[in-house]
Amino acid sequence: MLMVLLIHAVLMPILFFTLATAVERNLEDGFLDDARLYARVIADGIDKLDVESGQELVIERLDSAVLGGQSIYAALVYKNTVIASSMMEPLEIGQFQEDFEFGEHGDDTYYLSLPVGSGSRAGILHLGFDEAPTRENFATIRSTIIYALAAYMLLVLIAIGYLSSAVVRPLKWLQQASRTISSGEVDKELQTKSSLVEIQDLTADLEKMRSKLVGMNAQLQQEIADRELADTERRNLERYLRHAQRLESLGTLAGGVAHEFNNILQPLLLYTDLALEDLPEDSPAAVNLRNVLDLASRAKGLSQQILTFGRQDTDADFEELNLAPVVHEALTMIRALLLATIDLRADISGDIGDVRCDPAQIKQLIINLCNNSFRALSATDGYIHVSLKEVLVPRNKVTENPNLHEGEYVVLQVADTGVGMDPQTVERVFEPFFTTQDVGQGTGLGLSVVHGIVLRHDGEIIVESELGKGTTVRIYLPLVDEDAGENNGKRESHG
Amino acid sequence: MAKILVIDDEEHIRDVLKQVLERAGYDVVVAADGKEGLELMAQQGADLVITDVIMPGIDGIATVQKIREKFLNTRIIVISGGGNVAPMEYEPDADTTIAYLASARHAGADRTMTKPFNRQELLDAIKELMTE
Numbered sequence: 001m002l003m004v005l006l007i008h009a010v011l012m013p014i015l016f017f018t019l020a021t022a023v024e025r026n027l028e029d030g031f032l033d034d035a036r037l038y039a040r041v042i043a044d045g046i047d048k049l050d051v052e053s054g055q056e057l058v059i060e061r062l063d064s065a066v067l068g069g070q071s072i073y074a075a076l077v078y079k080n081t082v083i084a085s086s087m088m089e090p091l092e093i094g095q096f097q098e099d100f101e102f103g104e105h106g107d108d109t110y111y112l113s114l115p116v117g118s119g120s121r122a123g124i125l126h127l128g129f130d131e132a133p134t135r136e137n138f139a140t141i142r143s144t145i146i147y148a149l150a151a152y153m154l155l156v157l158i159a160i161g162y163l164s165s166a167v168v169r170p171l172k173w174l175q176q177a178s179r180t181i182s183s184g185e186v187d188k189e190l191q192t193k194s195s196l197v198e199i200q201d202l203t204a205d206l207e208k209m210r211s212k213l214v215g216m217n218a219q220l221q222q223e224i225a226d227r228e229l230a231d232t233e234r235r236n237l238e239r240y241l242r243h244a245q246r247l248e249s250l251g252t253l254a255g256g257v258a259h260e261f262n263n264i265l266q267p268l269l270l271y272t273d274l275a276l277e278d279l280p281e282d283s284p285a286a287v288n289l290r291n292v293l294d295l296a297s298r299a300k301g302l303s304q305q306i307l308t309f310g311r312q313d314t315d316a317d318f319e320e321l322n323l324a325p326v327v328h329e330a331l332t333m334i335r336a337l338l339l340a341t342i343d344l345r346a347d348i349s350g351d352i353g354d355v356r357c358d359p360a361q362i363k364q365l366i367i368n369l370c371n372n373s374f375r376a377l378s379a380t381d382g383y384i385h386v387s388l389k390e391v392l393v394p395r396n397k398v399t400e401n402p403n404l405h406e407g408e409y410v411v412l413q414v415a416d417t418g419v420g421m422d423p424q425t426v427e428r429v430f431e432p433f434f435t436t437q438d439v440g441q442g443t444g445l446g447l448s449v450v451h452g453i454v455l456r457h458d459g460e461i462i463v464e465s466e467l468g469k470g471t472t473v474r475i476y477l478p479l480v481d482e483d484a485g486e487n488n489g490k491r492e493s494h495g
Numbered sequence: 001m002a003k004i005l006v007i008d009d010e011e012h013i014r015d016v017l018k019q020v021l022e023r024a025g026y027d028v029v030v031a032a033d034g035k036e037g038l039e040l041m042a043q044q045g046a047d048l049v050i051t052d053v054i055m056p057g058i059d060g061i062a063t064v065q066k067i068r069e070k071f072l073n074t075r076i077i078v079i080s081g082g083g084n085v086a087p088m089e090y091e092p093d094a095d096t097t098i099a100y101l102a103s104a105r106h107a108g109a110d111r112t113m114t115k116p117f118n119r120q121e122l123l124d125a126i127k128e129l130m131t132e
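Chain order of the listed sequences is A and B.
Per this note's numbering, residue 1 is the first one in the first sequence, and the count goes up by one each step.
Per this note's numbering, residue 1 is the first one in the second sequence, and the count goes up by one each step.
Heads up, some of the hints might be wrong.
The following label-pair restraints were derived from C-beta to C-beta distances [what the hints assert, rightly or not]: (1) A:F434 - B:K70: 46 to 54 Å; (2) B:A24 - A:E281: 17 to 25 Å; (3) A:R239 - B:A24: 52 to 60 Å.
It is worth saying that the hints were derived from the structure and are not from the lab.
The beta-carbon is built from N, C-alpha and C at its ideal position, and this holds for glycine as well.
Extracted from the complex, chain B is given alone in its bound form (with noise of 0.2 Å):
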């Protein structure tokens, strides 16, 4: 069964996306920050990340290229709010949402959505990762 692990600093985010995935069928870690996200992976490695860009202490994009140094075969998907929210440290004169997503694209993941999205948006885009 593949595992995911998903990292965002919502609780109900986090929750919920649990239990989608739960009912998809795959076994689901999740992780409140990057931080415990990298510990999580570190101790039991994933087939899956889905993380949160913008978050305490260590953030999506670092998280994601922490990841990408020692797993290369874990797939990575990017989830945002969208918005002008954060300081602009990756592309400042850019479009921020468009400059955080190809920050993370760059930096390693897989994929990016902008929430919100259907669960079958979701399924769909984790079922085509899992089988390239």
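So here's chain A without its partners, still in its complex pose (with noise of 0.2 Å):
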């Protein structure tokens, strides 16, 4: 645009100076050709005058030139005496100038000498013409030339001034806003500003590449959304494999290790038994074997207690039935024989569905998860509580835990004030033998047994603790379903 303005700042006095140049030296030459003409009619008619014998016509001769309206000058010199026209005034008489151009010496009169007669009667005609009408013909032109090019000047501005808010402004409005897109701002929907169908297409076309940017940058947002939740799930799934590895490798040497045990306390106890037999009942010899079969007892039920862990012992009873009575039973037991002191709160909600279980071994774990948080209390003076209720386990939950389903479940829980554990400590409370209590105070099979019979439960055991704070253990047991029959059936038809 200013591009524009400048090319006719040049351009325009340059057109001006050339046209009224031409338009003068077109008048110049109208005026000269017309005056020489003029000039040399009248001068014609006064060849063919006698001029000694008839001063009187010569007179009426000069007289109808000035009349004729064309010269405002005449005079004829004749033998060195003027013959003025008598429409003169006697002082303008005397004031011929030779002129050779059109405007010289300013005194708005255009003379010309013309010989007139020949020989003898030879003498010069004197005209003189009235430069100033042509002047002012030349101011008008000019003025209208001036005019002119300023109404085209105004024309241009206005053209620049419509170019500009047309369509140079929705240019820079699309600049800018094709400026913000690559900057990464898409969210603001494009709308046309201009009327010029040319604009309105380009917006539109830059309004469907920034859609598709918006939807091209939703999906990758939702893809890595997805990939990240992917990332998560595996994780978890990965770090929940390792520990089961980890408890299933753990599982299958403490199992082996418990063969052995075994396999060694079989003769231990049958050949002590043997020697029983052999001694007097109330001799030293006898209350010694006696001891020494009491504590291969023990030693057997620690066995017991690792291949229960190892999902390894055989005598399982399971049945579909309600675990609220179970838990009761169990919490009186815990009451009666091992913490009465304690303050122990139950929530046990009847109203839940059935699970299959083996009742003597839920009541193991309900026994082993109190007696752990009586251990963590000891120093406190926080509480125990006990709850069981029905939950719907949801997806994200799921995500968390690879062993748990989306769907209901019964939860036990076993929340204590204790002293609470480190996360180091959580991580590794499952592995058999693993214990935070002094040596001879615990054996560390406690919460294996308990992770042994959840997962021959098919359930999921999940701890969390803070130290300081407390436990809170959460066993979720299946809920048995009562649609699952047929499915089951066809199950077990394919397997």
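Both chains are sitting in their own frames, so use the hints and assemble them into the complex.
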């Protein structure tokens, strides 16, 4: 736009001067041609007269030249005598000046001299023509040109203004919009602000591009989110598998140890029994051997616990039942036998579905958990809270715990406000023989036995703990699916 | 007098079972593995066989199968120490001990027992099987 204005600023004066010069020359030429033609006509008229015999006639001719309107000065110089038109003031008669150009002397009069007659009768005709009308004419034309050019300039300015508002501004706006988009801000919808079809099309194209970009962006973000979710799931699964593998290999190891242990215990028990038979019942040797038998039974219990952890024991008595009475029984046992002084709170819902379980193992599990909680409480004035309820496991929970499925579970929770555990300890609580108790205080099998029981029930165990705040253990046992009969039948027929 | 064959690769178990059973009035022969047990069975026969599961060479389950092929009336008790201790060739994905004992029953064992058991449990089981 500025360029257009600059070009006009240079071109306008050139155009103006060219035009003005051409017009001026044209007018001058016309004026001079007219003057010469007129002078020739007058001179011809005078040529035919006898100047000496008829001065009156000459004056008449000169008068008619002035009166004809073309000249304002007319005089004939004949033999050093000036015969002038009677129409002139006596003062003007001597004012003749030789002119060769239009506008010379600045006296607004153009003088022309022509020879008249010949030989001894020769004279010179002087005519003066008024330059003013031509000058005025020229001025008028010049101002007309100026007006025309000014009008043109105005039009140009208006055109520029229109272009600027109709084209340049929308273009600038589009440019800004595309820069905004390229800088990554793609959320604002583009709407055309121009009535020009091209601009509208351009805006529509840009908007199409933008919305495509928004779509791609959203798609990418969705993909990233999906991938992150998948990563999280994979990490959870890996962590879970590592943990499961670790526990499984420990279970296998412990199972192998228990096997050997049982093969040693077997003759130990029977040899002692046989030896006892050979001794008087109250002999010191018999007392000692009975102690050996007691210890051997303890060792037998220990090895059975190890096998329970490793899911390798044989006697399990599964039935479908409501857990509430089982939990009540276990709590009664705990109150009566183990932890009479403890603040044991219970929140047992009887309104729950059945689970497939071995009640004896579930009791064992509750006793082990409460025993751990009791030990965690011993240094503090806390309480143990046991609850039983039915819950629906949502999908996100499944992501965190691959052993859980989306669906209904009975959740047995044992929470305490005891000393709690750090994350490293929580990570290892299910390992057999892992204990935080002093030597001789615990076997380190309690939670590994619980873990084995939960796995055997197709359940999941989740431990949450915080140092100084306490520990919460949740056991998820799958609800018996009342519609599952058919499905199970199908599955079995395939297997 | 009823005759009992004890097959176990653990010497002390063979020995103590022999003592326990002889005191209870049974006639006892012992074998250290399946091969020896089957030879004794072929030579002498027995009313009841007590065999371990996991043994070198012919293991308990193969032993039970072989005995059952020829001796339909012989009572068989299979004893196991429990635990994951051997390749799970019988029911690979199952709980090992359960799988072993189930395989043993399938092979023809009348009773399975998990070590360690006490004297009375064993004698009760034998008495039960012999009077059936």
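Hint check:
1. At roughly 51 Å, the beta carbons of F434 of chain A and K70 of chain B sit within the given window of 46 to 54 Å.
2. The hinted range of 17 to 25 Å is satisfied by A24 of chain B and E281 of chain A, whose Cβ atoms lie roughly 20 Å apart.
3. As the Cβ distance of R239 of chain A to A24 of chain B is approximately 55 Å, the hint placing it in 52 to 60 Å holds.
Hint compliance for this structure: no hint is broken.
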